[in-house]
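Since the structure of chain F is provided, determine the placement of chains L and W on it from the hints.
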Amino acid sequence: MATVIEGKGGFRAWLNKRMPVDQFVADQLTGYYAPKNFNVWYFFGSLALLVFVMQIVTGIFVTMHFKPGEATAWNSVQVMVREVPYMWLIQPMHAVGASFFFVVVYLHMARAMLYGSYKAPRELLWIIGMLIYLALMAEAFMGYVLPNGNMSYWGAQVIINLFGTIPGIGPDLVEWIRGDYGIGDATLNRFFSLHVIALPFIIALLVMLHLVALRQVGSNNPDGIEIKEKLGKDGLPIDGVPFHPYYTVKDIVGVGLFLTLFAVVVFFAPTFGGLFMEPPNFEPANPVSTPDHIAPVWYFTPYYAILRAVPDQKIGALLMAASVVAFLFLPWLDRAKNKSIRYRGAASKILLGTFFITFVVLMWLGLKPADGIYVLLARIFTTLYFLFFILLPFVSKADGNGPVPDRVTYHAH
Amino acid sequence: MRTSTYGIVALLAFAGTAFAAEGNNAGWERPAENQIANLPSLQRGARNFMAYCSGCHSLKFVRYSRLAEDLKISDELRDQLLVKPGAKFTDYIVSSMPEKDATEWFGKAPPDLSLTARSRSPDWIFNFLTTFYADPASRQTGVNNLQLPGTAMPHVLSSLQGVPRLKAVSHESAAAGADRAGAEPAGESGHSNSPFEPGAQGSLTPEQYDNFVRDTVNFLQYASDPTQLERQSLGVWVVLFLLMFTGIAFLLKKEYWKDVR
Amino acid sequence: MSDHAATDAVPEVDESRRKFLIAATAGTGAVGAILTAVPFVASWNPSESARAAGLPTEVDLSKMEAGQMTTHFWRKKQIYVVKRTPEMLASLAGHDGELKDPESKESDQPDYAKNAQRALNPDVLVLIAVCTHLGCLPKTRFTPNDATVMANWPGGFFCPCHGSKFDLAGRVFEGSPASLNLAVPPYTLEGDKLTIGVDANQKGNA
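In order, the protein sequences belong to chains F, L and W.
Letter 260 of the first sequence, counting from 1, is numbered 260 in my numbering, and no numbers are missing.
Adding 413 to a residue's 1-based position in the second sequence gives its number in my numbering.
Adding 674 to a residue's 1-based position in the third sequence gives its number in my numbering.
Since the hints were derived computationally from the structure, they do not count as laboratory data.
There may be inaccurate statements among the hints.
[As the list claims (entries may be wrong)] Among chain F residues calculated to face chain L with C-beta under 7 Å, some are: (1) Lys-36; (2) Trp-88; (3) Lys-250; (4) Ile-252; (5) Val-253; (6) Phe-267; (7) Phe-268; (8) Phe-282; (9) Glu-283.
Think of the CB as a built atom: it goes at the ideal place given N, C-alpha and C, for glycine as much as any other residue.
In isolation and in its complexed conformation, chain F is listed as follows (with noise of 0.2 Å):
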C-alpha cells in the first residue's frame, strides 16, 4: 500500500528524501489495516513490547550499580537500593517488571490460544512468538540469578542440575555452563555478561521478526475471520480500521491502565507478598544453608511442578522440557476449520478451559512442598497438562467445523 508523499516542502521532505520516515507511517500504521473487533486480550501484544522497552531502560541503569561476582553482586544490590539516588526506584522496576513480563506474555499466549491465533497462515508468527518466550524464560532465569541472593544460589544449582540429566554429556554440560564446580565467579559473569548483552539482543531481533511475520500475514480477531477475505470497493479490507489512529489510541489507554497496575506493585507491594521478589532473596548466598523451601520465581513453577510430579528424574526432565516444547506443535495439532474458541464446541471450550486451569494449579503447585496432597494433585495436573495436547487433535477436528459469521462481530458503542 505505498502511497506517494508529495509536495511537501521544509524539513519534512528534506528528511523523507533521505529516509523514508512518512512511507514507513503510511505503509505500518495508517495503511496497516487491522479487524475493529479486537477486545481486551489484544492489549498484550504493545503492552509486551512496553515492558521489553521499560525492562531494557532500568536495566541499563542497573547495570551501572551492579557488580557482578560472587564477593560483590548482593552488596552491590542493597547498597544500590540504599545509597544511590532513586534506585530504590529504579531497582524494583527492574525486578518487578520481570514478573510483570510473564503476566503480559502468558495472557497473550492465552489470546492466541482462544482465537486459534497460532493456525495457518500464522504458524510461524506462533513459532517466532515461542522463540521469544524461551529467550525470556533464559534472559529472566539469569537475571534472577545474578543478585546472587540465598534462593537465587539454589534456584541456580537445581536448574543448572537438569541439565545433568542429559545422558552421556550430562555432568560435564554441568560444569562447562558453571565454569567452576560450583555456582562462582565465571557462572555469575557469563550469566551477567548473557543478560545484559546476548539475550537482550537475540530478543530484540525475535520481537522485530515477530512483527514482520505479524505484518505480512495480518492480526487475527476474536472471531477467526480473515478480514483480507471480504474487501471493499477501494480494495481494503471492510471490517478492517487503521492501526493508526484507531489502535494507537486504543493501545495508550491499554499502556495507561497497565503502568497504573505496574506503579501499585512497585510503589505499595514490591514484593508482591514474596512472589515477586522471595523473602529468601534478601539473604546472601549460602552454600550450607539450603532455604527451608525452594521454588522457582511463579511463572517457572508449572513446568518445576510437573518436574517434581513425576518420581524419576530422567523422566521427569524429559517431561518438563516437552511441556515448554509442546506449545511449538500448536498450529499442527490444533485440526479444527475454524479459529476462534467461539466457532467451536463445548467440547473444545472445556478442553481450553481446563488447560487454563491446569496451567494456573501447576504454578500453585509449583511453590508448595512436594509433599503429602500436593504430590498427588501435582500428578493429577501433569496427565490434564499433556492430555490437552494429546486430546487437541480429535476435539478440534471434531467440533471445530460449524458455521462462522460473514463479518467479525463488533457492536459499536
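Below, chains L and W without anything else, positioned relative to chain F:
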C-alpha cells in the same frame, strides 16, 4: 468486549485465590502490630537496638548519618547516643565483636540484621524476641525459643522481660511447634492463654516489654527498607497521575472510535 | 459512500474536540515522560558512599616543619598543604607583572583566600593539586632560582604535562598554558587543626 474482560478478570482472580497465602498459626504466634510511620517508636527502636543488639549484631548497610537523617535525630544526639566510640558518623553500623570470637562463643556468628525484617518478617522477629523461655536442657544459654528452637542466642533482654517458663501442659507440643489444633490465640505474655507462666522477674511489665520489642521490630523494619515511606508517599501521586492520563486517553479513544460502525 | 468501517467521514466528527484530546493526551504523556526521567537522571548524582568518602579531611599542622609540604586527599583530589617560611612568603612579592591573575580575580578560591598570600593564615598554603590547564598534578619546585624551570624562578610549582608554572601561592605565570591560578579549597583553621572541606565562613554546615 465484556465477556473477554470477565475472562481475564476471572483468570487473574483464580490465580490470585490460588496464591493467597494460607496462615499456619502455631497458637502462640502474634502479629507485631508495629507502625512504620510512627517516628517516636522508630527512635525508641533505634535506641533499643544500639543499647541491646549492636554489641553483637551489625546493620552493615545502614549508616549512622542516614539513620539520624531519616529518623530526625539531631547531629548532637546522633554523635552522643548512636555513633559508637571510634566510629565516624558516616560509618555503617557494625558490631564491635570480631567474627572469630563470636563463632567461638555462640557456635555461629550473630547475623547481620539489615534485612532480617524482609528475609523473615517483622512478626517473626517480634515472636522470636517474645518467646524466650527457661530451658535447663539448653546448656549454653539456659533458654530456648518457640520461634527458633535451639537458637544460639542468649536471652539478652532477660533483665527487662525476666525469663518466663513454659506451662507444663503446652511444653512439649508448643516447643515442637505442633500446638496448632485447639490452641487459642495468645494474648499478652503472662495472659491466661499464653503458653508461658512467669519465671524470674524482669524490670518491665509484660505490656511494657511487648512495646519495647515492638519499637525494636519497627526500627528493624525501617532498616530493612529505609525508603519504604518515601516510596509510598510518592506512589500515591504517581498512581493518581497515571489514572488521570488513562482517563484522558480513554476519552480520546472514545472520540475516535465514534467513527467505527 | 463506501462500505468501510472507518474511512468515511462520519458527519458529526468534532475536529476541535479531537485536537483538544490529542493535545491533552500528548501533553500529559510528555509531562509523565519528563517526570519519569527525573529519577533516572538523578541516579547519576554522587551516592551516599561517594558523599561519605568526600567528607572534610582533617590535617594536624603541629607536626609540620616550616617549609614542608604534605599531601592529602579530599573529594578524590590531591591537596597540597605547605607551611610557608618567611622567605617563601617574601618570594611572592615582586613578580606580579609576570603573573596572569596576580590578584586572583578570575581564579577559584574562597573569599578569605582572595588576598596576596591566597590563604586564611599566610603561613599555611592550601591548594587543590590539579593544574588548571588540563588537570595534571603540578610538581614542587621550591628551590629559588632553579634555572631548569625558568630564569629568576622564585620557587613554586611546575606542571610536567605542559609546563605551566605557579608561584608559592599557586599563582600562574605568563607564558603558561594554564590561565587560572591553582584553586584553593574551602577550609578552616583552628590553631594547628586544618579542616579541608569546611568553609571558614559557613562553619557547621559541612
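Each hint, compared with the structure:
Look at F/Lys-36: its Cβ gets to within about 5 Å of chain L, closer than 7 Å, so that hint holds up. About 4 Å separates the beta-carbon of F/Trp-88 from the nearest beta-carbon of chain L, less than 7 Å, and the hint is met. This hint holds: F/Lys-250 has a C-beta 5 Å from the nearest C-beta of chain L, less than the 7 Å allowed. The closest approach between the C-beta of F/Ile-252 and any C-beta of chain L is roughly 4 Å, which is under the 7 Å cut-off, so the hint is satisfied.
For F/Val-253, the interface hint holds, the least distance from its beta-carbon to any beta-carbon of chain L being 5 Å, beneath 7 Å. Here the hint on F/Phe-267 is kept, as its CB sits about 3 Å from the closest CB of chain L, short of 7 Å. At its closest, the beta carbon of F/Phe-268 sits 6 Å from a beta carbon of chain L; the interface hint therefore holds under the 7 Å criterion. At about 4 Å, the closest approach between the beta carbon of F/Phe-282 and any beta carbon in chain L falls short of 7 Å, and the interface hint on this residue holds.
Checking F/Glu-283 against chain L by beta carbon gives a least distance of about 5 Å; that is within 7 Å, so the hint holds.
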